[in-house]
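Novice: Given chain G's structure and the hints, the job is docking chains W, X and A onto it.
In case you want the letters, here they are:
Protein chains: 4
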Amino acid sequence: MAGNSFGKLFNLTTYGESHGAALGGVIDGCPPGVDLDFDAIQHELDRRKPGQSAIVTQRKEPDTVKFHSGIFEGKTTGTPIGFVIENTNQKSHDYSHIKDSYRPSHADFVYDKKYGFRDYRGGGRSSARETSCRVVAGAIAKQVLKNLEITAYVSSVGTMKLNKPYSEIDLSKAEENIVRCPDIEMASQMESYIKEVRSKGDTVGGVVSCVIKNVPVGLGEPVFDKLHAELGKAMLSINAVKGFEYGSGFHGSTMYGSDHNDSFNNDGSTKTNFSGGVQGGISNGMDIYFNVAFKPVATLIQKYETIDKDGNTVEMQGKGRHDPCVVPRAVPIVEAMAALVLVDYFLINKMYS
Amino acid sequence: MAGNSFGKLFNLTTYGESHGAALGGVIDGCPPGVDLDFDAIQHELDRRKPGQSAIVTQRKEPDTVKFHSGIFEGKTTGTPIGFVIENTNQKSHDYSHIKDSYRPSHADFVYDKKYGFRDYRGGGRSSARETSCRVVAGAIAKQVLKNLEITAYVSSVGTMKLNKPYSEIDLSKAEENIVRCPDIEMASQMESYIKEVRSKGDTVGGVVSCVIKNVPVGLGEPVFDKLHAELGKAMLSINAVKGFEYGSGFHGSTMYGSDHNDSFNNDGSTKTNFSGGVQGGISNGMDIYFNVAFKPVATLIQKYETIDKDGNTVEMQGKGRHDPCVVPRAVPIVEAMAALVLVDYFLINKMYS
Amino acid sequence: MAGNSFGKLFNLTTYGESHGAALGGVIDGCPPGVDLDFDAIQHELDRRKPGQSAIVTQRKEPDTVKFHSGIFEGKTTGTPIGFVIENTNQKSHDYSHIKDSYRPSHADFVYDKKYGFRDYRGGGRSSARETSCRVVAGAIAKQVLKNLEITAYVSSVGTMKLNKPYSEIDLSKAEENIVRCPDIEMASQMESYIKEVRSKGDTVGGVVSCVIKNVPVGLGEPVFDKLHAELGKAMLSINAVKGFEYGSGFHGSTMYGSDHNDSFNNDGSTKTNFSGGVQGGISNGMDIYFNVAFKPVATLIQKYETIDKDGNTVEMQGKGRHDPCVVPRAVPIVEAMAALVLVDYFLINKMYS
Amino acid sequence: MAGNSFGKLFNLTTYGESHGAALGGVIDGCPPGVDLDFDAIQHELDRRKPGQSAIVTQRKEPDTVKFHSGIFEGKTTGTPIGFVIENTNQKSHDYSHIKDSYRPSHADFVYDKKYGFRDYRGGGRSSARETSCRVVAGAIAKQVLKNLEITAYVSSVGTMKLNKPYSEIDLSKAEENIVRCPDIEMASQMESYIKEVRSKGDTVGGVVSCVIKNVPVGLGEPVFDKLHAELGKAMLSINAVKGFEYGSGFHGSTMYGSDHNDSFNNDGSTKTNFSGGVQGGISNGMDIYFNVAFKPVATLIQKYETIDKDGNTVEMQGKGRHDPCVVPRAVPIVEAMAALVLVDYFLINKMYS
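Protein chains in written order, with this note's numbering: chain G, 21 to 373; chain W, 21 to 373; chain X, 21 to 373; chain A, 21 to 373.
One thing to keep in mind: the hints can contain errors.
Since copy identity is lost for identical chains, a pair holds within one copy or between any two.
[Unchecked claim] Pairs of lysine-lysine, DSSO-like flavour, derived with a Cα cap of 27 Å:
hint: 1; residue 1: K233; residue 2: K133
hint: 2; residue 1: K233; residue 2: K370
hint: 3; residue 1: K370; residue 2: K166
hint: 4; residue 1: K133; residue 2: K95
hint: 5; residue 1: K370; residue 2: K95
hint: 6; residue 1: K133; residue 2: K370
hint: 7; residue 1: K28; residue 2: K370
hint: 8; residue 1: K119; residue 2: K86
hint: 9; residue 1: K291; residue 2: K323
hint: 10; residue 1: K233; residue 2: K329
hint: 11; residue 1: K370; residue 2: K329
hint: 12; residue 1: K370; residue 2: K215
hint: 13; residue 1: K329; residue 2: K95
hint: 14; residue 1: K291; residue 2: K133
hint: 15; residue 1: K233; residue 2: K220
Think of the hints as simulated: they come from the structure by calculation, not from any bench.
Isolated chain G (complex conformation):
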């Protein structure tokens, strides 16, 4: 109920605070006999880790994962996979100034109200550092789903927007630049923009888009657990996300049915794909694609007024090592969550076989 687990058959439970001893998790329900590629898992962590480029937070964490169980002679055994990521860079003293105060648009206030007190170091459990565990599990899920291709990329930073459908973009270019935008020219402009925003101590939002290819027909359950509903929940559970749309999305709400309906080809594929690869909550074999909106990071390197826990006005000064724009590092997280949703439905679907 406390909500630190995700997935039904392939179930991930995570734990850990930003500045505790370690973060970690347990994957229960991974099928046995999967030959794990450990470099691929670490590669995904490296794509998410702080300090990876000039436009992300400069906190130094190697984010090395250690596996404790569920793997024998390189293969999954079908028993739970326990793993740990140690925090090597616990600068608790950096955070003493926020012990008794509530930073605007952070979770400080609500944690205190819900739990009575909080681990105030670096945001504690509310830190996006928790997503490192999701990336580990997502990397394993990808290996279970080997034929599927899940590719996320940055499609906008602030008002700077890549105005092309994914089908007209060479998505493989996304990993060639530090913004993770597949349009090299746009990526370069975004990079400059992010640096400029950071130089002012400010932050900016953005959008991550994701495309999933080679999805088998039949994934998803038709009523409450529609495939896109669970994808939406997965994405909205990532820190800083404010919106989710798939297929035609919000734009689809402005269209006529006669334009929006996807006519069939004789092989069951469709001529258009406004549906976004899902009908009635179930995958139809077409590409799944969706957008995820991220708000600007709340930590500014600026002076500001806020309140302390007694309601007094206090002045604070943002400091430390923070991301000016979260979307470049969010790309592997979006992919990981997509993989977790899909692997679960993939396993559930075996019930129908």
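Specialist: Leaving out everything else, chains W, X and A in the frame of chain G:
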């Protein structure tokens, strides 16, 4: 796993096909001692039912709910509440033409692929008729949550959009017109527009917005089961929904942190509310507000080509009684799903008390 | 959480009170394409129903089940199966005398304390009448599990005990007498004994044994959800059950390892079966067998003293139509619960295929 | 689904193999603000650990627990508690002889069949070493449930049985001897007996009894999740358990209702307690008591024949460090599982308040 249940402590399971004997459901976990207002429950069903106005489907169904259990002398007993809504208007012969064919942008194709065969009458389980059961449960959830005010309304139909923040709108006007748009002039234009679309046998999409007031601080769980993530899943599970955004939403992704952060007042409320009433997945006591995008209904009263189950091209003619625009009837469904999400977190939150 | 659901992939939710309008349930996760034998379902209900013989309660209920959904042209569709059993014999006036009093060893007292009040008619939700819904679902589960043979029988009534291992008994004889004991002579003695007990207005306990043949290897999950642990929970959830043992059971605790270990034959079967068909929580392909102990029914047709809700001593007189011994009617319930446990693991096990 | 989690609101997930790097777990849903007594937690682990006395396995493991999260300044924070117990004594070479063979009455055979292969070192995941994680979580659960007293003890070893009701025993004596039997004379005989059994390379079963005092009225859910049903599942999930009975248990099945019914005192307590503290699945405030039967440990220090994975007969020689009788070390495990069941219902029950 098959996904016909929603909620953890206040759990709804639904069943029923569009043209089966009856739909129904079970609510497990409703607190005991709630004095039920049965008229209020039926009123919610009436807001959703077909045939209620000139701009919705003319299928005639009274949608009368009968309760079988869990209620004694007008009060909930704490035991499961079983209920049934009979289908009085089962016109199976209307649907024989779709038995062997797949309508574009319907679930016919994916049901056949997933389950091997399907109840083809009126879309079977994929019909939005299923949402009547959600409305029953949502109406009871509202009564458990008595102080909360959950108000949904139509904020756009096609490209016609109500461009005002909810705080500048008298939401009580929404129920005074058949479109359920609280701006009377806009509502009138939308009504004409929907009628015009219908006269062409076409359909159009729209957006339902929702505002929740008087939410206590502390609802929601911080990681995977964030309050807005579960709200998103709930909304995306409604038939025809393509997108969900809350607070600043997609627009928020274009903003600077210095503009987007919500400064505190000394009482813990915030001066602005770009957060949309949720921080770190937990309600902060401010109004929760969100938008839900609906695609245009897929059933057109037009001739079109599609394929049959053997992949042959066939010509079909849409007929029957269908909604030209789904949003007016979606308003009570959005409210019901919001109530189901909130009541669940309300009960879970008692764990922390 | 409120516990009216059972099973993970094949999930049953039940509702209904002893003297409400109806009982019913929803089965979510039944595989599609199962050709249902409706007579077999009703037959199981008939084995459980009141009034079936001279040694059970004479309450008259046809216990006819109506299906509302999830079945099309005689086959399951993969969507939820909703069903209803109407209460035709609601004698509310029979129960007014217990409205304000607590019958010893009934649930009256704890319901009042837990929920604040209760539906006092016939025990409300605490009545074993609820098990009729389990029997419906179990009968469908049996049809999914077609090759498995699940056979329960009465092995003791009071101190009268059938002292033979099941392998030396012709289990098919159990259904040939009203006690459901497969030893005809013993059955006849048990029948006389039950009648004698009833003539004194008293009741007596008993044991139901169950054997499951043709179980595939591999059902069950090794840690918390061991196959025998879930079987145990299933049996203990039946009204009046006080104990569960499988394989060597309590007697096994008195044995030496050198006697208790089951040596392998070369085909993987074992020479003995003290394990009871389960090793480490997982079926090993040998017969599963277990015993379920039932207490004597609490309702006596005698005068007795008890307390009312204010703690005053009051005199009561048991009356109405009650079972002098519950085990003959418990046989189909034990089988139903065993089927529900097995079908769930059968479906979960597909994850490993 | 893979069953490595236990509990709904207070949820424990465990991982780890007998000879892997470490075992560990995550507790999700522990209430915030609990001042943890870490010595008490380690004390419970010490009661379970190998090598603690002359009658248990001499494997040397300190079983030291390290907490990674969910605790701040000595108090639980309400976020998940991750913990790890490292394996310091991984003698993999001890187990190479069982790599390709199936030990009788062990899980070797079923793991190979279910998962396709297995971590054969020391039984892998099927080892009772997994229960160390349950003991950690149970120790924390006990601290949440502070007023409850949960006391388990050894009531029989082989045919040697303590024939007294718990109410006539000074349970505090159980921890004063290495058998954990509260009758000192009987304990001494049991100790000699276990040593004798071990000297022959044999093993013997036994029974652990448990008493829970100060239980509030109202814990438990009335239908499938009855309090005693969940207790039964919890106990049956412990390695080597073959049976569970509560209150009058199997003996109760031989009794008359007129003897078995528990008459009320005017304060709502009962004069007798054949019910075992639970009515209709809900605690009634009387002591809960139950028995758990353990089979003899399967590993004998003897020569024996068995089969290898190709079905060939092979001769094996049991060796290593094993328990001749599991019940002394099972006592803290039984208590831990009881605590986990109770804390969960304690939290669920807040829903009704």
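Novice: None of the hints should be skipped; say for each whether it holds.
Specialist: The hints, checked one at a time:
{"no.": "1", "hint": "K233 <-> K133", "result": "between (43 Å within a copy, 18 Å between copies)"}
{"no.": "2", "hint": "K233 <-> K370", "result": "both (20 Å within a copy, 25 Å between copies)"}
{"no.": "3", "hint": "K370 <-> K166", "result": "both (16 Å within a copy, 19 Å between copies)"}
{"no.": "4", "hint": "K133 <-> K95", "result": "between (44 Å within a copy, 16 Å between copies)"}
{"no.": "5", "hint": "K370 <-> K95", "result": "both (21 Å within a copy, 19 Å between copies)"}
{"no.": "6", "hint": "K133 <-> K370", "result": "between (43 Å within a copy, 13 Å between copies)"}
{"no.": "7", "hint": "K28 <-> K370", "result": "both (13 Å within a copy, 14 Å between copies)"}
{"no.": "8", "hint": "K119 <-> K86", "result": "between (31 Å within a copy, 25 Å between copies)"}
{"no.": "9", "hint": "K291 <-> K323", "result": "between (54 Å within a copy, 18 Å between copies)"}
{"no.": "10", "hint": "K233 <-> K329", "result": "between (49 Å within a copy, 24 Å between copies)"}
{"no.": "11", "hint": "K370 <-> K329", "result": "between (51 Å within a copy, 23 Å between copies)"}
{"no.": "12", "hint": "K370 <-> K215", "result": "neither (48 Å within a copy, 45 Å between copies)"}
{"no.": "13", "hint": "K329 <-> K95", "result": "between (50 Å within a copy, 19 Å between copies)"}
{"no.": "14", "hint": "K291 <-> K133", "result": "between (52 Å within a copy, 19 Å between copies)"}
{"no.": "15", "hint": "K233 <-> K220", "result": "neither (40 Å within a copy, 36 Å between copies)"}
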